[in-house]
Amino acid sequence: MGVSEANITMNINQIQDQIIEDFSAFEEWFDKYSYLIELGNALPPFPDEKKTDENLIRGCQSRVWLDAEKTENGNIIFTGDSDAVIVKGILSLLISVMSDQPAKDIAEADLYFIEKIGLKEHLSPTRSNGLLAMVKQMKIYGVAFSPSC
Amino acid sequence: MNSIIQNIASIRADFPILSEKVYGKSLVYFDNAATTQKPLCVVRKIDDGYLLHNANVHRGVHYLSQVATEAHESARSTVKDFIGAKSTSQIIFTRGTTESINLVAFSYGELLKEGSEIIVSEMEHHSNIVPWQLLCERKGLKLKVIPFADNGVLDLDTYKNLFTERTALVAVTHISNTLGTVNPVKQIIDIAHSHNVPVLIDGAQSVAHTKVNVTDLDADFFVFSGHKIYGPTGIGVLYGKEELLDKMVPYQAGGEMIERVTFEKTTFNVLPYKFEAGTPDFIGSTALATALEYVQNIGIENIAEYEQGLLKYATERLKEIDGLRIYGNAPERGAVISMNVGNIHHYDIGTLLDKLGLALRTGHHCAEPVMQHYGIEGTLRASFAFYNTKDEIDKLIDGINKVVKIFT
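Heads up: the protein sequence lines correspond to chains A and B, in order.
So in the numbering used here, spot 121 of the first sequence is number 121, and the numbers just go up one at a time.
Add 1000 to the 1-based position in the second sequence for the numbering used here, that's all there is to it.
The reader is advised that the hints may include incorrect statements.
Now the in silico label distances, taken between C-beta atoms and shown as ranges [as the list claims (entries may be wrong)]:
| no. | chain 1 | residue 1 | chain 2 | residue 2 | range |
| --- | --- | --- | --- | --- | --- |
| 1 | B | Gly1234 | A | Thr9 | 32 to 40 Å |
| 2 | A | Lys51 | B | Arg1012 | 43 to 51 Å |
| 3 | B | Glu1242 | A | Phe30 | 58 to 66 Å |
| 4 | A | Leu56 | B | His1062 | 40 to 48 Å |
| 5 | B | Asp1047 | A | Gln14 | 20 to 28 Å |
| 6 | A | Asp17 | B | Asp1047 | 44 to 52 Å |
Residues from chain A that face chain B, not an exhaustive set, calculated with beta carbons under 8 Å [as the list claims (entries may be wrong)]:
| no. | residue |
| --- | --- |
| 7 | Tyr35 |
| 8 | Asn55 |
| 9 | Ile57 |
| 10 | Ser62 |
| 11 | Ile86 |
Rather than coming from a laboratory, the hints here were simulated on the basis of the structure.
Glycine is no exception: its CB is placed at the ideal position from the N, C-alpha and C atoms.
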């Protein structure tokens, strides 16, 4: 399993395919969620000073913080946190897919892996855990940081 | 022995959904404070209404319209009897508790002068806070709040001191949807009446779980939802004293609520029709009446006693779990338990319990001020109905124990 150690030259879809392959090993929901919790706990610490209202995406159920920085080569680095560890695990997956990718690719990304690994329910508009809003926010950063044409 | 215990198998058979599987596991439905399941008789009443008796009510000369009108008005009478009202003029059908409160906030609110004060409690559902906040903004009123102690009991001494000559209304919940606290509404009403202030009681969480008599309580307004008492969604009730309802302006305008319309002046219908603009949910009202009759057959006292048994058993068993905290410990409580376990986020625990077939609610339960009181973001909430069993509570305990292990 090497999502977190994924080759930085992989593009968004290659990373998504890798995640789908990783998750295909899980037969039981129990294993899948244990892995998500593991990922959530392993997400690098998000500094308290970045937990600003500006970075906060407040869901009905849980809170998500997202920060974005542009690199010299025009990629966007995402960091984030959540108070719910399952949400944090999914956030970790989203970061591994979207972070350090070209802004334009982020803006145009089709995140099909979420449905393929059976986590779509966590991004439904009614679940209101902040994840859907976070995906939107990532794409907004992608648009904002894209080179103007 | 409580008759529900003896008849639990046949009672559960009245609710087909209780035999459903989720993720291949038997459903345990502990989200009754959000909405209750429907017995077959209620669903069949809806079917019959649409399949056999459907015609618009009131003002119809034809047979079906008269049958539908009679069923709708007879439902009003069932509601009146169920809550101990004196007259069907006092029973207004709405879409639910929220609309009932909004109706009062608008129509009673129109009578209030700038500077008037409304009293609510710290443990209200947002539906009994926000309509009053909107009214306060619209008319320049002030909202005052009765605080509660950490055990979930309202501070009545503070309440008594909130009254001024400008106090215009008290709006308080009968049973807290989050803490389960049964508020001393009779006492709350008596205190308000000693200042000549009317009281609205939010009965959303009480009417299905305890005997309610609005006349004995001397409540000025009492509101509840059909779907929380085994009836359909989209139908609810506003009970109001006639002298208040008579003074109030209409909430919405349209058909049925008028007496006579000319372009110069329109006069309004008598109670309760003055507040029922447009075609009413006459299928919903008759199905609600069927639900109330179903509850009456089981007996609201039996239900209250049985649910108290579940609450006591669940509380004892939950206390066996290390690090589990229950919010609210009022001497009198409805069958609602809000909790958190250790440092585990309510979303995480609820998500995994769901995978075990356990349907509980997580979050702030539309009562953010309650969360703010305890300095928390949310809770895991189990809420029981008379079709739940101690076996199901055992499954919850096993489930929580299993889930906690995943996080540690």
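Do the hints match the structure? See the list:
Separation of Gly1234 (chain B) from Thr9 (chain A) is about 55 Å and departs from the stated range, judged on CB atoms against 32 to 40 Å. Taking the beta carbon of each, Lys51 (chain A) and Arg1012 (chain B) are about 47 Å apart, inside 43 to 51 Å as hinted. Evaluation of the 58 to 66 Å hint for Glu1242 (chain B) and Phe30 (chain A) yields a pass: the beta carbon distance comes to about 59 Å. Between Leu56 (chain A) and His1062 (chain B) the C-beta distance comes to about 60 Å, which lies outside the given range of 40 to 48 Å.
A C-beta distance of roughly 53 Å is found between Asp1047 (chain B) and Gln14 (chain A), which places it outside the suggested range of 20 to 28 Å. Look at Asp17 (chain A) against Asp1047 (chain B): about 49 Å separates their beta carbons, and that is inside 44 to 52 Å. Look at Tyr35 (chain A): its Cβ only gets to about 11 Å from chain B, farther than 8 Å, so that hint breaks. At about 17 Å, the closest approach between the beta carbon of Asn55 (chain A) and any beta carbon in chain B exceeds 8 Å, and the interface hint on this residue is violated.
Because the beta carbon of Ile57 (chain A) sits about 14 Å from the nearest beta carbon in chain B, more than 8 Å, this interface hint is broken. The interface hint given for Ser62 (chain A) holds, since its Cβ lies 5 Å from the closest Cβ of chain B, which is under the 8 Å cut-off. A distance limit of 8 Å between C-beta atoms decides the matter here; for Ile86 (chain A) the minimum to chain B is near 5 Å, and the interface restraint holds.
This entry does not satisfy hints 1, 4, 5, 7, 8 and 9, going by the numbered hints stated previously.
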